[in-house]
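Residue numbers (my numbering), protein chains in the order written: chain A, 53 to 746; chain B, -5 to 316; chain C, 4 to 264.
Source of the hints: derived by calculation from the structure; they are not laboratory data.
Be careful, since some hints might not be right.
[To be verified] Short derived list, chain C residues pointing at chain B, Cβ under 7 Å:
| hint | residue |
| --- | --- |
| 1 | V13 |
| 2 | I170 |
| 3 | A210 |
| 4 | G262 |
[Stated by the list, open to error] If you only want the chain C side, here are some residues facing chain B, beta carbon under 7 Å, derived:
| hint | residue |
| --- | --- |
| 5 | D29 |
| 6 | H114 |
| 7 | A128 |
| 8 | E164 |
| 9 | F207 |
| 10 | K226 |
| 11 | P233 |
| 12 | L242 |
| 13 | D245 |
| 14 | E248 |
| 15 | V250 |
[Unchecked claim] Straight-line C-alpha distance at most 27 Å; calculated DSSO-like pairs for lysine-lysine:
| hint | chain 1 | residue 1 | chain 2 | residue 2 |
| --- | --- | --- | --- | --- |
| 16 | A | K466 | B | K256 |
| 17 | B | K256 | C | K158 |
| 18 | B | K169 | B | K102 |
| 19 | A | K203 | A | K316 |
| 20 | B | K123 | B | K155 |
| 21 | A | K724 | A | K445 |
| 22 | C | K226 | B | K274 |
| 23 | C | K226 | C | K243 |
| 24 | C | K158 | B | K242 |
| 25 | A | K724 | B | K256 |
| 26 | B | K284 | C | K243 |
| 27 | B | K155 | B | K316 |
| 28 | B | K242 | B | K254 |
| 29 | C | K158 | C | K226 |
| 30 | B | K242 | A | K470 |
| 31 | B | K242 | B | K284 |
| 32 | A | K724 | B | K316 |
| 33 | A | K331 | A | K485 |
| 34 | C | K84 | A | K331 |
| 35 | B | K169 | B | K56 |
| 36 | A | K731 | B | K287 |
| 37 | C | K84 | B | K155 |
| 38 | A | K478 | C | K243 |
| 39 | B | K256 | C | K84 |
| 40 | B | K284 | C | K237 |
Built from N, CA and C at the ideal position, the CB exists for glycine as well.
What follows is each chain in one-letter form.
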Amino acid sequence: MVEAISSPSQATFWFIHGRVLFWMVNVLGSACFAYIVARRLTPLLRGQRDIRFDRPLVRLGRLLQFWLAQWRQPRYLTAGIIHILLFAGFMILAIHTVSLVAQGASNHPAAPGGLYGAIADYAATVVFLCAVIAAIRRGIFKPSRYAVPAKYGKSHTAEALLVLAFIAILMVSDGLFEASGAMWQGQHGGTPEVLGPLTLGWVLKGALASVPAAQLRSLHLGAYLIHDLTFFVFLCFLPLGKHFHVVTSLFTLYFAKLDRGAIKPVRWDVPDEQLDQVKSFGVKTFSDFTWKHMLDFYSCADCGRCSDQCPANAVGRPLSPRFFTIKARDYSFQHSPMWGSAHNGQPLIGGIYSEDEIWSCTTCGACEAECPLLIEYIDKIVDLRRGMVDDGKVPQSLQKPLKALESRGNPFGKMEKKRADWVKAKDFAQDCKVSILDGGHGADTLYFVDSITSFDDRMQSIGRATARILHSTGENFGILGTVEKDSGHDVRRFGEETLFMALREHNTEAIKASGVQRIVTSDPHAYNALQHDYKDMPPVEHISQVIARKVRAGDIQLNPLPESNAYGNGDGNAVGNDVYTYHDPCYLGRHNGIYDAPRDVLDAIPGLKRVEMQRSRDRSFCCGGGGLALFYEPKEDQRMGVKRVQMAAEAGANVIVTACPFCLVNMEDAIKVAGMEGKMTAIDLTELVEKQMR
Amino acid sequence: MARIFAYIVHKGGVADDSAAELAAAAGKIDATESPVAVVTGWGADCDAVCESLRASFGEVWKIANAALAYPNAEIVRQALVSVLPSGSLVLIPHAHFGTDLAPGLSIKMDAAYVPDVLGIEGMDGAVLKLVRQEFDGQVNAHVRCDISTGAVITIRPGAFKPVERTAAGGTVVDKSAAVGALTARRRYLETIAAETGDVDITRYPVLVSIGRGIEEQENVAIAQDLADALGAALTCSRPVVDAKWMEKSRQVGSSGQTVKPKVYLACGISGSFQHLAGIKGNPFMVAINKNPKAPIFRVADVGIAADILEFLPELTSRIREK
Amino acid sequence: MEILVCARRVPDTSENEIEMNSAGNDIARDDLVYSVNEPDNYAVEEALRIVERSGGNVTVVTVGGDDDEEILRREMAMGAKHGVLLSDQSFSGADGRGIATILAAFVTKGHYDLILTGVQAEDGAAQVGGMLAALLDYPFASLVDSIETLEGKLKIGREIEGGNREIYEIDLPCVLSIQTGINEPRYVGMRGIRQVASVPIPTFGAADLGVNGNVTGAAVKVKRLDYFVPPLGKGAEMLKGDTAEIVGQLIELLKAKGGLK
C-alpha cells in the first residue's frame, strides 16, 4: 500500500487535530479580515455622495484595460514589468491558493493539478523571483521616487520589504509543501506529482533529496502551517497599509472618473439652483470627501509615480501628490481605528495640509495621467480650495484678481469697454476687420478670445494672428466683444465656484444670444471650460485643430522657412538653422488629448526642423500654470517655466512653439529669468502659422 | 487776517527741515507778516530748537512742560488748544506726527481742516484757495477753505521750497504758563527701532530702487544685478516691502528711510509722494517705467519708457562689458 | 468688546483708470466701479480678530445712501455682526467734519468700547478718525499697526518714520485709525455676500441722530471745486532711440553724474 504523506487536515499539530486547527485558522482569519475591512468601510458610509454607478459598460471596459491589462504599468518599465508579472502570477495562483487554504480544513484532495497545476507552479516561481528582485531593487538600489522626505516621516521601505517577504514566504512554503509531498511519494512508491523543471518546487525537491522520511513529513506539515498562517496574516495586513490596493483596486478602477477635463460639482446630490442652501462649501474635514475619494486614499500603492511627474514637486513647492494621498490615508487610519470610536472632524487645512500646499497645484493633471490606479487629484484639490474660499482663507495675491474678475470680468482689473480694443490696432485693423457681435447676430463662428489674449499687450498678437488665420480661410466669424467675460475656467479650479457660475451664466447667455453655430478659441483654458464646464454649447474647437484641418484640405498654404532662419537669435544673424520643439499645453494635451493637430501643422511647414522633448504629450511638463496661477506667489526653488525651457535646450531646440497664451507668458518670462535671451525664443503656433501664410 | 502759526517738529534739539517749508507756505498765505513758530517740548533740547528758529521766524512761542518731553500728539494737542488764540491758522507738516495731531486739533479749535496741501493760491476774502491731490496722486483738486473761524492746514513735505531768509531776529516767547492741566489717556511707552538690515542704504551715493513694476519676487535679482554692477545699494518703495519681497530696511519713503544719494534710479516706481518724500538733496534721478504717464516722470531728470524686466538686464550687461 | 468700524464706498483705484472727463473739470465717472475702501478691510479684519480672541461683536457703519449698503453687506459677509447706514438728504455735501459729526451722533446713541477707521480713503485726507475722537472726547491714535487688549485699555503700536514704531498704552473707549498691512484680510466672495443678502440693515436719519442742519450748507467750510491734471511742466527728459541706443546714452549720463566709475 502506498503510504500517503500525512495530509495537513489529518495530522495532529501539538495535540490539535489538523482539520480543527485549520478550520479555526481559516474561520478566524477570514473573520478578522472581514472585521478590518468593515472598519475601513465605515468612514466611507459617512462620506459625501458620489455618482459612480452610471455607464456600467464603459466602466467595465476600462476595468479590463486598467486592471486586467495593467495599462498604466509599463510607463515605468522596470517596476511595471515586475508588477505585471506579480499581478499575473497572483491572478493565476488565485484558484490554487484558495484550494490550498481549504485543504487543511477539509478532506478534499490537493489543489488542481494537470496543466493548470504546471502553469501555477511556474507562476509561483516567477512571483518568487519578482519578489526577490523587487526587494533587492527596493532595499539596495532604492529608486529615488520611493524616498520619503523628512517632513513626511519615516521611510516606507520596511513596509515594502515586509510585504515582499510575505509573498516570498507564501511561494516558498507552497513550494516546500509540494516538493516534500512529491519527494515522499517518490520515496514511497507512488507516482509523484510532476514538478516542472526550474520551478521553485522542483528546485526545493532537489534540495530535499537526502532528507529522511520523518523530517520530510515535518517539513510538509510545517510548510503548510506556515503557508496558512502567512496567508491570513498577509490577508489581514493588506487593509493596514498600501497593500490595501490589492483588494480595493478592482473597485477604485471600476468607479474611476470618466469625464476628464471636468470638475465635480460642489455636491453631487445638490443641483446648482439649490446650492445657496448648502451650509458649507468644499472639503474642510475628512468626512466632507466623497466615498470614492476616501476609497482613493485607501488604494494608493505608494509607488511615487505621481510625485515623480508632478511639476510642483519638481520645483520644490510644498505639494507632493503621493503624500497628499498618504497623509489622508494615515489620517483616516488614525481617526477611524480598529477599535474604539472614530474621532474625526479636525480641520484638514492647518492639520495634515497647509494652505500653500493646496494652492501650489496648477491642475496640470500629470499625477492623474500617471497613476496606475486612476486616483483622482484635481477634484480633491478643488474641493479643498472651495473649503478655504468658504472660510475666507485666500492669499492676498489671489484676492485682487478675484475681486477684479467680479467687478470687471477679467483678472487684470482692466475696463470692460476696452476688452475688444485689440482689434483696433492700426496695422491690423486695416487689413483684417473683426466683427464684434456685442450682443447681436451675424456670424456662424464665435472666436472666444478670453481675458489674457484680450488685454495683455504681448498676447494680443495671438488674437490678431488667430483672426488673420480665420479671415484668410473665409470664416464668417466674430468676437463677443465687450460682453465677453472671463471664461471662469481657473476661477472654478481655484475654488470660487459662485463667481465661476456667475461668469458662466453671463457668457452662456451671450453665446446663445449670438446664435453662433460653433466656437473656436486659441486659449486651451477657455477651450476646456467651454467643452467641459459649460453646458449646451455649440461644438468647440481649438485653433490648432482648425488649422490642421485646413492644411490637410489645402485651404491653407504654408510657405517654407527661409534658409537661414532668424528666430532663435534676435540679432538676425543666422547661426545654422533653427530647431523647433513643441510644448504640449496641459489643457490642450493631457486634459483633452489634442497632441497631433499642432504637430501636424508644424510638420506641414516646409524646412521646419522639429525635435521632441523627452517629456512630451501626456508627459509634458507644466509651464507654471495659467489663469489665476499667474497671480499666486508660491514658495518654490525654481520656476516651472525655467525647467521647461532648459528641457527644450536639452532637446537641442532653440525655438519653443506652444499653443496657449499662458504657456507663452511663462516661457518668455522663463527665458529672461534663465538668462537664455538670444539663445531661445518662444512663439505661439498661430503667430508662426500666420507668418508662414503670407 | 488771523495769525499764522507753524508747528515745528524737532528731534534731538534740531528743528526738522519742514520748519522752513512751513514758513514758505505761510508766506504764500500772507506775504506781509511772518508766521509764529510753535515749539512744544521740555528742557535743553526745546530751548535749543527755539534758539535756532530765531533766525527764520519773527516770533517763536515756546511751550515747555515735562509732559511734552516726548512728542505725544494727544498731549501736544491739549497744550496747543490752551495756548493758541482761536481763529488762528495753524500749519503742520503732513507726516506721521502731523496727521496724528491735526484733525483732532481742528475740532478742538473749532477750525476748518485741510490736509496734505501742496499748493496755495492765495486769499479771496475770507476764503483761502488751495491745491490738493486725490486718488493716489492721479488728479489734483482746487479747494476753497473758509478760514473765518480759523483753520488747521497740513502741508505736504517737499511741496514748498524753503525761502532764504535773512536773520529775522525773532524773539522767543515763553507760553508755558498758559498750558492747563494735561491728561494722558494715551501714554507713551517706548520706541522700537526698525531692524537694521545688512545694508545701510543711507550711506550709498548711488541707489537702484524698485517698485511694483518688478512684478515678482524672482525678478528682484535682475535689479540686484544692476546694483552690483554699479556698486550701488538696492532699495525699494513700500509695495515691495508689503509684498515681502524685500526687507523694510531697504524702503525709501515717508514710512521708510530718508536718503540723500547723488544718483537715484527709480525702476518700475510710479512716483507716489510718500516714496518721493524719502528722497532728499535733489539727486540726479533716472526713471524707468513702462507707463509713460507715470507721475515719476514729472520729477525725474531723465526718463526712459521701457519695461524694466527687459531694460535692466541690457543695461547691466553693457555696464559689465566696460 | 463692542467694536464699531467706520467704512466707506469709494471708486477703487486698482480697478479704475482715473481720467479726466471731456469738460476737464471732473473725473470720468461713467465706467467707475465702486467697492469698499481697501484700507477699511484691514480695520474690519482687525476688529474681527479682536472679538475672536476676546468676545464681543463688530458693527460696521457708513454715511451715505442706498448704494452704500453693498459695502456694509460685504463687511458683514466678512464676519461683522451688524451693519448700519446713516442716511439723510441733509447729509449730502457734508465735508470731513460733517461726516465725523454724523458718526459721533451715532456713537453716542450706543455703547462702543473701540472705534476703528481705515488709515485714509481716496481723498487722502485721513481725517475722520481724528475728528471723531475729538468730537467724542476719546483718545486717538493713527497709523496703528498692532493692537493688544488689556484690562480697560489697549497696548498699541504706531508707525513712524524710518520704519520705527512707537508703543503706547491707550484708555478705552478710544478711536484708532488702522494702517494697511497690519493683517491679511480674509476673502469674501459672492457666496458670502449672498448669505447676508437678507439681513436687515437699520438706517438712521438726521432726526434719529439729532443732527439737524449742522453738517451741510453754511457748516461746510472746506469745498472741493474741481479735479484737474496739472500742466506737465518740464518733467523728465525722455531718452529716445532703440534699447541699445538708450542704454548707451544712459551710461554716458551716469558717468557724467558720478553714477558710474
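Evaluated hints:
no.	hint	in the structure
1	V13	9 Å, violated
2	I170	4 Å, holds
3	A210	24 Å, violated
4	G262	4 Å, holds
5	D29	9 Å, violated
6	H114	18 Å, violated
7	A128	5 Å, holds
8	E164	6 Å, holds
9	F207	22 Å, violated
10	K226	5 Å, holds
11	P233	5 Å, holds
12	L242	5 Å, holds
13	D245	10 Å, violated
14	E248	11 Å, violated
15	V250	5 Å, holds
16	K466(A) to K256(B)	38 Å, violated
17	K256(B) to K158(C)	41 Å, violated
18	K169(B) to K102(B)	19 Å, holds
19	K203(A) to K316(A)	31 Å, violated
20	K123(B) to K155(B)	19 Å, holds
21	K724(A) to K445(A)	33 Å, violated
22	K226(C) to K274(B)	32 Å, violated
23	K226(C) to K243(C)	43 Å, violated
24	K158(C) to K242(B)	23 Å, holds
25	K724(A) to K256(B)	30 Å, violated
26	K284(B) to K243(C)	14 Å, holds
27	K155(B) to K316(B)	40 Å, violated
28	K242(B) to K254(B)	18 Å, holds
29	K158(C) to K226(C)	37 Å, violated
30	K242(B) to K470(A)	37 Å, violated
31	K242(B) to K284(B)	25 Å, holds
32	K724(A) to K316(B)	22 Å, holds
33	K331(A) to K485(A)	50 Å, violated
34	K84(C) to K331(A)	18 Å, holds
35	K169(B) to K56(B)	6 Å, holds
36	K731(A) to K287(B)	34 Å, violated
37	K84(C) to K155(B)	50 Å, violated
38	K478(A) to K243(C)	22 Å, holds
39	K256(B) to K84(C)	54 Å, violated
40	K284(B) to K237(C)	19 Å, holds
Violated hints for the displayed structure, listed by number in ascending order: 1, 3, 5, 6, 9, 13, 14, 16, 17, 19, 21, 22, 23, 25, 27, 29, 30, 33, 36, 37 and 39.
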